[in-house]
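Taking the hints into account, I'd like the entire structure generated from these sequences.
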Amino acid sequence: MNALVELVEVSKRYTDASALHPTNLSAVCGKTTVLIGPSGCGKSTLLRLIIGLVEPDSGAITFNGLRITTGNIDMLRRRIGYVIQEGGLFPHLTARANVLLMARHLGKSHSEMRTRLMELCELTRFSDNFLERYPLELSGGQRQRVSLMRALMLSPELLLLDEPLGALDPLVRAALQKDLKEIFVRLGQTVLFVTHDLAEAIYFGDEIVLMNEGRIVQQGSIVNLRERPANPFVSEFINAQRRVALT
Amino acid sequence: MKLAFVISFAAAFSNLAASPVVIGSKKFTESYVLGEIAKRALNDAGVPTEHRQGMGGTIILWQALYGEQIDAYPEYTGTIAQEILKTDRALSLNEIRDALAKFGVGITESLGFNNTYALVIRRTEAQRLGVRTISDLRNHPELKIGLTHEFLARHDGWQPLRDRYGLPQQNVIGIDHALGYAALANGSIDVKDAYSTDAKIAEYDLIVLEDDLKFFPNYDAVFLFRLSLRPDAIAALRRLEGTLDEKRMTTLNAEAERTKNYTRAASLYFEGGARSTTSAFGESFPHKLSRWTLRHLQLAGVSLALAVLIGIPLGIFASRGGPVGHTILGFAGMVQTIPSLALLALLVPLPFFGISVRTAIAALFLYGLLPIVRNTASGLQDIPRSLRESAVALGLSPAARLWQIYLPMASRSILSGIKTSAVINVGTATLAALIGAGGLGEPILSGLNLNDHVTILEGAIPAALLALIVQWLFDLLDRVLIPKGLRL
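Protein sequences, first through last, are from chains B and U.
Residue numbers 386 to 632, in my numbering, belong to the letters of the first sequence in order.
Residue numbers -3 to 484, in my numbering, belong to the letters of the second sequence in order.
No lab work stands behind these hints, which were simulated from the structure alone.
No experiment lies behind these values; they were computed from the predicted model shown.
There's no promise every hint is true.
[As the list claims (entries may be wrong)] In silico contact screen, one side only, chain B against chain U (beta carbon under 8 Å); selected entries: (1) Leu438; (2) Arg463; (3) Tyr467; (4) Ile469; (5) Glu471; (6) His477; (7) Leu486; (8) Met487; (9) Ala488; (10) His490; (11) Leu516; (12) Tyr519; (13) Glu522; (14) Gly525.
Virtual Cβ for every residue (Gly too), placed ideally from N, Cα, C.
The following block contains the structure:
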């Protein structure tokens, strides 16, 4: 199993007490790795380190065997898709302009962009009638579909999703979960998926990484975590969420 | 060799370009009228001439002449000795001529009248109190005295006059010359300074208090001119020597104040002489209005364009915070706290500026800067962090992030800053008339000098309308320039 992204002894300290302790992690090609844990556990920080929104204090991050530096980060960002909870769509651009932004910046041809856009609309089940709408004219679920299209536009090798469904109501969320999973399978996409919802983690995760207080506590399949918890926090976290789901 | 050629060519060219002779005048009726007379006399002599009316007080006019922004202006011998040459001694005309030559400035002989400073009082009040001379004021410490700001500060003005006569009055205020006459008429003040040829003295039934200690020197009216002025222009000025006595000057002043038309008053001087070929009579109101408005728009427009070109980049730097950002915002904020009049006054003595349109534009530019810098900075800072990060995470280059994402998102804030600056500039541009830069402030200033409300409104109403139109145009511009997605 070859790793697309590898973090080796990466750490990050913030001015407030929170910190990511030296951490090792790899995202395996074609698999969905889910990062889960309570808020402030460092799971979003891991994604932000990979996409270069924060720089590590120590350690190394490699992408396809290439070490990420400030010199090559802009080039690598174009090979990585990134979706955040609020979508991150630019309000002054239409859905179409948001999706095509990078392709236009790189000077792709019109026909190439049109073909890709139609593919993406079909893939994400987004009606092309809505392409001329501005983000404020779209529903939350539609916005996340556009955000996903934007992330997939350049056919990235890696997709980073930071609680992409966190702000959606349950029905929309369930529909999108199903669609996302299909897309990942269809594309054979390598995904790093951050969530705090265990059911979502179980639904998506080929591999589940449980984090707490800036450290990876345990990593493996859900069966692995449930049957052989590494410490009391693991069973506590899993049981707490299961109790909520049952009541 | 080549350089010398370029310089001489440039000099020849600038001589050609700067062809009209510029006459300046001070901010009171008689100076306006003398300026108009000189303009007409030079034009009649075939010398293209323009007249910058009411540029300010003695020092401003002298600096403008010395700084070659004007070529000639009417002055008084006593003022030259006291204010320009800074001597307490009475100087003969020849002594003055020798002293001025060192500055490259020449002087005509007397125009024929002595417009001395004087203190005036209502005739009824003078009779009631039995006051006839300045010495008599000693017995009436309760009298309220209103003086022009220039007289309050002059070496031959209030302080030495009070010391010489031992005057006891404590109640002394500074007031504009024309407004002072109105204040005297309605009893707000009892005594004010005047020029002995003021038409208002007769109009308001005032009497001149006799200068019994001979404090005031002679104030013979003359023209000062640059010695480098073309000889035919100097000759035309010198033909005015000895042609105006006190009575005639008072009549011309009265005519100017009655008709509110300096050109017409000046033309009285020429009546009986050769008729001017060019019509020197006053321009029509629509013509004047369009001239003022165009100049006003030019002042406000050029300064606004500069403020936009420089303010937006400064705002971008300022939005990044840190010491540089704080310095930029601090500087722009500080400029805004300087009163607009003071800012003009501060710029006038600087080498490049002086009495000119440049100075007015520079001052307006500095005023317009803060709203644009501040709104650009805050508009950029208000962009949510998640959207900034999205732009970075996409891999857009820094320039593309700025032009395609950040500036469009801040466009509403930036435009509203530009709108604020535009409205401020249209309003403040009325002050440009104080330094002879023209615009709609010109009638406002003349109206203040003449205490004439109609003339004030001729400038004030168009200026207010202009500000409203500018506001409306920018509201229209908002719809064109702010992206649709931000207006939902």
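The hints, checked one at a time:
Hint status for B:Leu438 relative to chain U: holds, with the closest Cβ pair at about 5 Å, below 8 Å. Contact between B:Arg463 and chain U, as hinted, is supported at the beta carbon level, the nearest pair being about 4 Å apart and thus within 8 Å. Interface restraint check for B:Tyr467: the shortest CB-CB distance to chain U comes to about 4 Å, inside 8 Å, so the restraint holds. Because the smallest distance between the Cβ of B:Ile469 and any Cβ of chain U comes to about 6 Å, under 8 Å, the interface hint for this residue holds.
With 8 Å as the threshold, the beta carbon of B:Glu471 comes within range of chain U, its nearest partner Cβ sitting at about 6 Å, so the hint holds. For B:His477, the suggested interface contact is upheld, since its CB lies about 4 Å from the closest CB of chain U, less than 8 Å. Satisfaction of the interface hint for B:Leu486 is found here, the shortest Cβ-Cβ separation to chain U being roughly 7 Å, below the 8 Å cut-off. At a threshold of 8 Å, the smallest CB-CB gap from B:Met487 to chain U is about 5 Å, leaving the interface hint in force.
The beta carbon of B:Ala488 comes no nearer than 11 Å to any beta carbon in chain U, farther than 8 Å, and the hint placing it at the interface is violated. Interface restraint check: B:His490 against chain U, minimum CB-CB distance 6 Å, threshold 8 Å, status holds. Hint status for B:Leu516: violated, given a least beta-carbon distance of 13 Å to chain U, over 8 Å. At a threshold of 8 Å, the smallest CB-CB gap from B:Tyr519 to chain U is about 4 Å, leaving the interface hint in force.
The interface hint given for B:Glu522 holds, since its Cβ lies 7 Å from the closest Cβ of chain U, which is under the 8 Å cut-off. Given hint, B:Gly525 at the interface with chain U, is violated; its Cβ is 15 Å from that chain's nearest Cβ, farther than 8 Å.
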